[in-house]
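**Q** Sequence:
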Amino acid sequence: MSRSQNLRHNVINQVINDMARGFIPSPLPSQSALAEMYNISRTTVRHILCHLCERGVLSQVNHDYQ
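According to the numbering used here, the residues represented by the sequence shown are 4 to 69, in order.
Be a bit skeptical, because a hint or two may be false.
[Claimed, not checked] Across the chosen pairs, the derived CB separations fall in these ranges:
no.: 1; residue 1: 5; residue 2: 28; range: 28 to 38 Å
no.: 2; residue 1: 4; residue 2: 57; range: 17 to 27 Å
no.: 3; residue 1: 6; residue 2: 64; range: 32 to 42 Å
no.: 4; residue 1: 23; residue 2: 63; range: 16 to 26 Å
no.: 5; residue 1: 25; residue 2: 5; range: 23 to 33 Å
no.: 6; residue 1: 32; residue 2: 58; range: 32 to 42 Å
no.: 7; residue 1: 63; residue 2: 21; range: 17 to 27 Å
no.: 8; residue 1: 19; residue 2: 64; range: 13 to 23 Å
no.: 9; residue 1: 64; residue 2: 5; range: 26 to 36 Å
I should point out that these hints are in silico values taken from the structure, not numbers from a laboratory.
Even glycine gets a Cβ: it sits at the ideal position worked out from N, Cα and C.
The task is simple: from the sequences and hints, build the whole structure.
**A** In structure tokens:
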């Protein structure tokens, strides 16, 4: 696993855990806010959000992720 894939994997797990514990509200904060929260780029945030939608963890409604 490459370094960037490992980072994404770690952040994906952290986001899932933070959502489960109620640390992240629904709908989710903006991509910019998530990037700042996890100290990652918005591009990485977009990849993570798409991955979570594909896995059925999130759904996108009117441009908001829930």
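**Q** Could you run down the list of hints and mark each one as holding or not?
**A** Hints, one by one, checked against the model:
Between residue 5 and residue 28, the C-beta spacing of about 31 Å keeps the proposed range 28 to 38 Å intact. One distance hint, 17 to 27 Å for the beta-carbon pair residue 4 and residue 57, holds here, with the actual separation near 18 Å. Evaluation of the 32 to 42 Å hint for residue 6 and residue 64 yields a pass: the beta carbon distance comes to about 33 Å. At about 19 Å, the beta-carbon gap between residue 23 and residue 63 stays in the expected band of 16 to 26 Å.
Taken as a hint, the range 23 to 33 Å holds for the pair residue 25 and residue 5, whose Cβ atoms sit roughly 32 Å apart. Separation of residue 32 from residue 58 is about 20 Å and departs from the stated range, judged on CB atoms against 32 to 42 Å. Range check, residue 63 to residue 21: Cβ separation about 19 Å, and the 17 to 27 Å hint holds. Look at residue 19 against residue 64: about 19 Å separates their beta carbons, and that is inside 13 to 23 Å.
Separated by about 32 Å at the C-beta atoms, residue 64 and residue 5 satisfy the suggested range of 26 to 36 Å.
Of the numbered hints stated above, the single one contradicted by the structure is hint 6.
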